[in-house]
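Using the sequences plus the hints, can you model the full thing?
So the sequences go chain by chain: E and B.
The numbering of the first sequence is the numbering used here, which starts it at 162 and goes up by one.
The numbering of the second sequence is the numbering used here, which starts it at 109 and goes up by one.
Accuracy of the hints is not assured; some may be wrong.
Lysine to aspartate or glutamate pairs mimicking EDC-like chemistry, simulated, CA-CA at most 20 Å apart [to be verified]: (1) E:K174 <-> B:E692; (2) B:K698 <-> E:D164; (3) B:K698 <-> E:E247; (4) B:K608 <-> E:E247; (5) B:K608 <-> E:D165.
Per label pair, the in silico range of CB-to-CB distance [said to hold, decoys possible]: (6) E:D165 <-> B:G565: 45 to 51 Å; (7) E:D165 <-> B:S651: 54 to 60 Å; (8) E:G204 <-> B:D472: 29 to 35 Å; (9) E:V177 <-> B:N470: 45 to 51 Å; (10) B:G565 <-> E:V177: 41 to 47 Å; (11) E:G244 <-> B:G120: 53 to 59 Å; (12) E:Q238 <-> B:I131: 38 to 44 Å; (13) E:V177 <-> B:A347: 46 to 52 Å; (14) B:A121 <-> E:D165: 52 to 58 Å; (15) E:G204 <-> B:F316: 50 to 56 Å; (16) E:L223 <-> B:F457: 50 to 56 Å; (17) B:V679 <-> E:F231: 35 to 41 Å; (18) B:G120 <-> E:L223: 23 to 29 Å; (19) B:V394 <-> E:V177: 22 to 28 Å.
The hints are simulated quantities; they were obtained by calculation from the structure and are not laboratory data.
Every residue, glycine too, gets a C-beta built ideally from N, C-alpha and C.
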Amino acid sequence: MADDTSNAAAYWKANVRTIFGCLIVWAFVSYGCAILFRPLLAGIPVGGTDLGFWFAQQGSILTFIVLTFFYAWKMNQLDTKYGLGE
Amino acid sequence: MDQFTINILFVGASFALYIGIAIWARAGSTKDFYVAGGGVHPITNGMATAADWMSAASFISMAGLLAAGGYANSTYLMGWTGGYVLLAMLLAPYLRKFGKFTVPAFIGDRFYSSTARLIAVVCLITASVTYVIGQMTGAGVAFSRFLEVSNTAGIWIAALIVFLYAVFGGMKGITYTQVAQYVVLIIAYTIPAVFIAMQLTGNPIPMFGMFSTHTESGIPLLDKLDQVVTALGFNAYTADVDNKLNMVLFTLSLMVGTAGLPHVIIRFFTVPKVADARWSAGWALVFIALLYVTAPAVGSMARLNLMTTIYPDMSEQVEDYDAAASSPILYEDRPNWIRSWEHTGLIQFEDKNGDGRIQLYNDDNEAFTGTATERGWEGNELSVNNDILVLANPEIANLPPWVIGLIAAGGVAAALSTAAGLLLAISSAISHDLIKNTLNPRISEKGEMLAARISMGGAILLATYLGLNPPGFAAQTVALAFGIAGASLFPVLMMGIFSKRINNHGAVAGMLTGLLTTLLYIFTYLGWFFIPGTNMLPNTPDSWVMGISPQSFGALGAMMNFVVAFTVSNVTAAPPQEIQDLVESVRSPKGAGSATHLSH
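So, in structure tokens, the structure goes:
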């Protein structure tokens, strides 16, 4: 039982760490590149406008897809590692 | 065959398909009705979630807002997709493991409080009804155009169809119908976009075409668009915004709202396993992104097409925009699409300077008044409702009539699928959480389904009434719903999973704080219960607190919810051991049975 509890705690910790990492990227592309840092990226031209604009209307969405699939994949690995999968 | 007949054929054929599927997959039990029996494949569920999610606001209204607002309205794109990241990581897998059908059921059990459950029902109904108002607005626009009736008649027709369709289907019917609706709406959205991207840039993929060279003028499309709109006194399409705080908060509101909207959350109760809920969120985002990366291309290209239709001299490379602006088209020579939209009242023309030509420009821009006067203009003469842009797009670009019929079917599919999903969330909250669990626990299964259907009817009537006087364009109204859901439900759902310390008092106080502060801020600017004329302050950026719009306030409401729930919980007793065990079990993916409501 004690093993079960510490196993579950380790699994949860690994999960929270994964989420934290993903959300840093999530915030960086949307609030960072697309909004707050747009003036800093203004020098990088992308088809008639700048990189910040591209992140706002394309790049952040594409990053979000990669993040959700990465999370699903990573969690499947953790499920197996901690013997909690189905 | 005339356009009207073609529209009727396309919309009619798509309807026949949905009704056929709804009858084939008819709900036989409450479980079928609420969660489709719990046996839906993740990709299927992802597709249905995408259709559920992409409403009239996404399909009809969003590209119009992008066209009008340019970069500033990127908030909608990021907010409505970024929320899925939160949903996939912070809520969906654990709520799936918990395995009850409704969001209030989780809140009631986790916070061992029927008060918390009731407040969750109130939050859910407030957010969902606001959302349905937006759907009614959008569906009204679609029906008025394609059935060639007034906007008001369009809204009533939409209400009737949504009612018939949602009431008989339930979740099982809705899931498979939504798959069909996704296919219809994504084809309808992308085909015209591909045609238009080809015409304007020679690149058939809209998301790349948008960043390519405009064929006629030989300069990048977005440069061309910026030049044309600034020559008419509008903000440049790619212009940065001054108020970054509002933009950040607006995006955050839409994101937490996405994750907190009950009709999206309950979709994840329909898959068999926790792992499936995670994959399903990813697939949903893929299917949604297909439309969302195309939307800015549709918006920018439609804006350019609209401007060069009115000012034909602006379409090629222009040295002198003053000269090009001097010869807009004659009102007599206006294209057919303007004529047909004039019938709906959503395009209006008034020849203010009496020259018989259509002057379309930004007469709110004081810095531009001098130029306008020099050109002999006495005010903007053409008002175009943003919400018509996607529907009118194929006509503006002279695409064949069948493409217009397709768009009609797509717009209707988008509005119907979301309205049905929302009504399901509302009805399950009323019949299941309110009646079955609180007022009359001994109600029969039949009685419960009857109550569900009656509450759907009531919700449609209310939303239709408010949809006749909507508080904004479809997407703006919908954005309010997100603020409400994000401020009230998202924080307690998340804390219920990620903290064992949050207790019943904290959750109740948090939800009430989030809901009431957000509603207060919204009603202050948009009128009490959205009734026109009852607002206490004008809804303009000058009178907003720190320039924070009512649509953006949800993020602040959510923060207050977090702080209040945390503080109250820490000064009151910790949750009992069995609740801490419940949290522990929700965190582990192992042993997720099928979703149920019988485990009391």
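### Those earlier numbered hints the structure runs against, lowest number first
4, 13, 15, 16, 18
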